[in-house]
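Peer 1: Here's the letter readout for the chains.
Protein chains: 4
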Amino acid sequence: MKKKKNYIPCAFRETDLALERTPPPSKKRGVFYREAMRGDIRFSALSVSDDAKREGYAAGRTLSLSIPAPFLWSAEEKGAVCDAFRLALQLFFPTPPVRLLVAGLGNRRLTADALGPLTVEAIEASAALPETLYAQFGLAPTTRIAVCVPDVFSKTGIESVRTVEAAVRLFEADAVLAFDALAARDKERLFRVIEITDTGTVPGGGVKRGSLSLSKGSLGIPVIAVGIPTVVRTDGEHFLVSRDMEEYVHSLSSLLAEATNTVFGDAPRLEDSEISAIFREAGA
Amino acid sequence: MKKKKNYIPCAFRETDLALERTPPPSKKRGVFYREAMRGDIRFSALSVSDDAKREGYAAGRTLSLSIPAPFLWSAEEKGAVCDAFRLALQLFFPTPPVRLLVAGLGNRRLTADALGPLTVEAIEASAALPETLYAQFGLAPTTRIAVCVPDVFSKTGIESVRTVEAAVRLFEADAVLAFDALAARDKERLFRVIEITDTGTVPGGGVKRGSLSLSKGSLGIPVIAVGIPTVVRTDGEHFLVSRDMEEYVHSLSSLLAEATNTVFGDAPRLEDSEISAIFREAGA
Amino acid sequence: MKKKKNYIPCAFRETDLALERTPPPSKKRGVFYREAMRGDIRFSALSVSDDAKREGYAAGRTLSLSIPAPFLWSAEEKGAVCDAFRLALQLFFPTPPVRLLVAGLGNRRLTADALGPLTVEAIEASAALPETLYAQFGLAPTTRIAVCVPDVFSKTGIESVRTVEAAVRLFEADAVLAFDALAARDKERLFRVIEITDTGTVPGGGVKRGSLSLSKGSLGIPVIAVGIPTVVRTDGEHFLVSRDMEEYVHSLSSLLAEATNTVFGDAPRLEDSEISAIFREAGA
Amino acid sequence: MKKKKNYIPCAFRETDLALERTPPPSKKRGVFYREAMRGDIRFSALSVSDDAKREGYAAGRTLSLSIPAPFLWSAEEKGAVCDAFRLALQLFFPTPPVRLLVAGLGNRRLTADALGPLTVEAIEASAALPETLYAQFGLAPTTRIAVCVPDVFSKTGIESVRTVEAAVRLFEADAVLAFDALAARDKERLFRVIEITDTGTVPGGGVKRGSLSLSKGSLGIPVIAVGIPTVVRTDGEHFLVSRDMEEYVHSLSSLLAEATNTVFGDAPRLEDSEISAIFREAGA
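Top line first, the protein sequences correspond to chains A, B, C and D.
Every position in the first sequence, counted from 1, becomes a number in this note's numbering once 532 is added.
Every position in the second sequence, counted from 1, becomes a number in this note's numbering once 532 is added.
Every position in the third sequence, counted from 1, becomes a number in this note's numbering once 532 is added.
Every position in the fourth sequence, counted from 1, becomes a number in this note's numbering once 532 is added.
So here's chain A without its partners, still in its complex pose (with noise of 0.2 Å):
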């Protein structure tokens, strides 16, 4: 039972990343996987039905775009990423969100946990705003948005998958996006692969273990979680991280922040007919 390795289950998984779980799409009932390139950047569109989750998957849609590393781009190489991950928000809000939380898990005292408040922190809380001032200033955007940002339990004593659940009950958000460091197996996909799914996502997953999951079966709402993994976990005590990552951590969420911000303010649609073909194809 060689395989086990690869499909453990979550608690005790060695990689929050779902193409580093992923077996061959052929091989397994109920698991649909297809790829699609896009300049240098890599689509990559899995869906889990039901039924394969009970032999190990998380049910639900994963994209995950596998990119340049995070150095010395030039303005069209991060436009390049940018759009990408915008064209990936649209394909999980297909009909955008009325009132949207977006939540950033992590620490972001430690660098390598920081990506979800680092993101967040970039983000208009566009709810803040009264209706009438959008009025005064011409502007109608579809999505109203409320932040959170949990920190963790070893720092607040409170779960921050129960505070995403307050927060989300608080601002009655129809759909809620989540940022998040997620651990690798590979060294080398570390800042190489932003993961959009909805199957949920176990904060902590990254640095620290947690036990609770953000998911549509908890909260009865969309959850969109997004992810790029900052560590490889080593052996419970210490983990793995790129000597390089504070310059990664902060190009990348700021990257994450601007599209979204983008997608979700006022302006048009991308467009990309075989990424949608693909990701549908994928059995989205």
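Note that these hints are calculated values from the structure, not bench results.
One or more hints might be untrue.
Copies of the same chain look alike in the list, so a pair counts if it fits in one copy or across any two.
As the list claims (entries may be wrong) - The calculated lysine to aspartate or glutamate pairs, modelled on DMTMM-like cross-linking and capped at a C-alpha distance of 25 Å, are:
1. K610 <-> D583
2. K610 <-> E663
3. K610 <-> E769
4. K719 <-> E813
5. K610 <-> E653
6. K719 <-> D798
7. K610 <-> E656
8. K748 <-> D730
Go by the hints and put chains B, C and D onto chain A.
Peer 2: Here is chains B, C and D on its own, set in the frame of chain A:
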């Protein structure tokens, strides 16, 4: 009706400080006021009955510590202020709570409003540690602390009072201790008063106007609010601040945190029968 | 001698803004002043000759951009302000420097004084990358940037001007670009002016009084200072600030950094012959 | 030549820790090593003569404090570590310097490299206060402190050693105290050793490789370097870190700063003749 200036309703009040709102104690039925000195520190105890409240007061007890400017304090001076605040906390928590939620109100990125978040950042969330660890290390503090830093509405789109209320429920707290920056009317009082009260607090009082109140009335458990004046309101759009506020905010938030960690850790209680007496005499 | 109030010597001046110190341009020999509008943005070009200087002016050129309040800007409005500042930088750097030192003056922990450090934090220190890397990535920017954030005397015990001077020598810079927060006399100008000048700057002008000046005179290379008013001085111990300054500071520091990265990166130059003309006409 | 692994030249060394480089003391001429315990804390004093240096050692004295994991320390345990570090500082500064430059090396935004900047942030720059103020407050500390946080080359484009050297000249310092994060070979030593040495330090040793050394040799005044291991280097591109490093870094930087403020403030000196003796015996 000259007096009106002093007793305007909360939402429009010029000052958050009880010291600046209090009329001479003898002038008013249901208002009791006592003072005592400890070295350079003046303890002012105010108690307002439910009856007096109807005439413009917040009912409850307030203890104001008038302290030396937080500048070039010797170790003795710092120790004296720290002890005064420890004593004040003990007076408001005669029995240590079992599950205490500590809230840091305000905007951490704005120096004038950062007192609450900075204080709470330095408070140990003892509830984050498993009970077994306490046993293992031979510790047995009575109080378990969880912390909540709700940030401000303009950044999150969610009322900070609601976030604290949700945290109270999640943590099943039996008391709340809230730190916040306040507005004074007189610029000479900036950073010269530590106010502790059980009359409730309106987050955003210092810098931005809030409307919701955090109080025993709404939460059903004791709410002790600790505030220090950091701004003088001028015209609604601007406020007056001290040139040295950055040093003052850091120095005092660190002192408040240290005293709080001590009071709710396993340190012995301070005793000061005279101060306890003026607090009792004031009607507390 | 009523006029004196307006032309008091630097060390005691009420305002750091040229716009608030300038007498009507026609009234004074050696003082040339021109204005032009670009949409909502007013360009005010001032030039003071060495002669006029002796009568109370700082000799040199100052370009003031009067901008809309940095609040709920649409992408177009933000782009217009960014372009205006790019144009201004180009006017002061007609030939790109080869080794540019960018200095962020002020106290990063104090929101009212954080503009310089926050701006510089987002500026790419291109001198940190080996030449071989530029070649490898096909880049060939003319300008190499090093950055210096000297912090303030009250935190370090070392004059920030001296630290910048030392960095100039270490980096062998051929020009300095310095960002700093300024004081205005009129609170309506807070965050509404971007001032670019080659007349030198006195760090600490905005919040705390400095005495040393950073200028071409002392350094022997061009010193271009960029400032935005963030405070109104009142009585030496206090100042007046805007309730929304935290949002404004972040929004504008991010814009200044983005424009600077663009101008000294490999983006094409903006052209605007009319603005160039008023700048020339003013005597520059 | 198996031993070579242990004594590789500085630029390629696996570890920054003297404890991990030292061969058994008796084995080597010119190398003196002594140990003593104080409660749970081991003092290891190493002295290397100029002769031994030529065979692979850095000449000078190093005192290593092996401390308990900085986790759930009681007030007593914290006090013991703080006292041990105070004692260590006193041994390296038998006569208090008159003008001491304290440098915080490393990258403050990267948790694993933030120890130096965080420590220095909490150290009082007593040189920033006018002498008249000290007189007015009845204080007369022997030592005036200025601080320097040079940031890292990859952020500034200027070598941090050069910036510290410039600060030494500007301040006319007669000694330097530098804090930095270090690399260990053995992950069990992370955050378990405080190393104090007069052999000089290579900033960037912990996380990124530096090449310039900060030492008495280059500066002409005593340079005392204090380091704590925060990472294990693996392959040049990655390193291993502790899951709990954020808590550890904050806890220890705060302790180092407090002890430094005490030693160079007006507190009485600690006396411990046995520890002084082992330090002397080691050849110091």
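Peer 1: Would you mind marking each hint as holding or not holding in the structure?
Peer 2: Results of checking the hints against the structure:
no. : hint          : verdict
1   : K610 <-> D583 : neither (39 Å within a copy, 50 Å between copies)
2   : K610 <-> E663 : between (33 Å within a copy, 21 Å between copies)
3   : K610 <-> E769 : between (35 Å within a copy, 23 Å between copies)
4   : K719 <-> E813 : neither (30 Å within a copy, 47 Å between copies)
5   : K610 <-> E653 : both (20 Å within a copy, 19 Å between copies)
6   : K719 <-> D798 : neither (38 Å within a copy, 33 Å between copies)
7   : K610 <-> E656 : both (21 Å within a copy, 15 Å between copies)
8   : K748 <-> D730 : within (8 Å within a copy, 40 Å between copies)
Comparing the model with each numbered hint stated earlier shows that hints 1, 4 and 6 do not hold.
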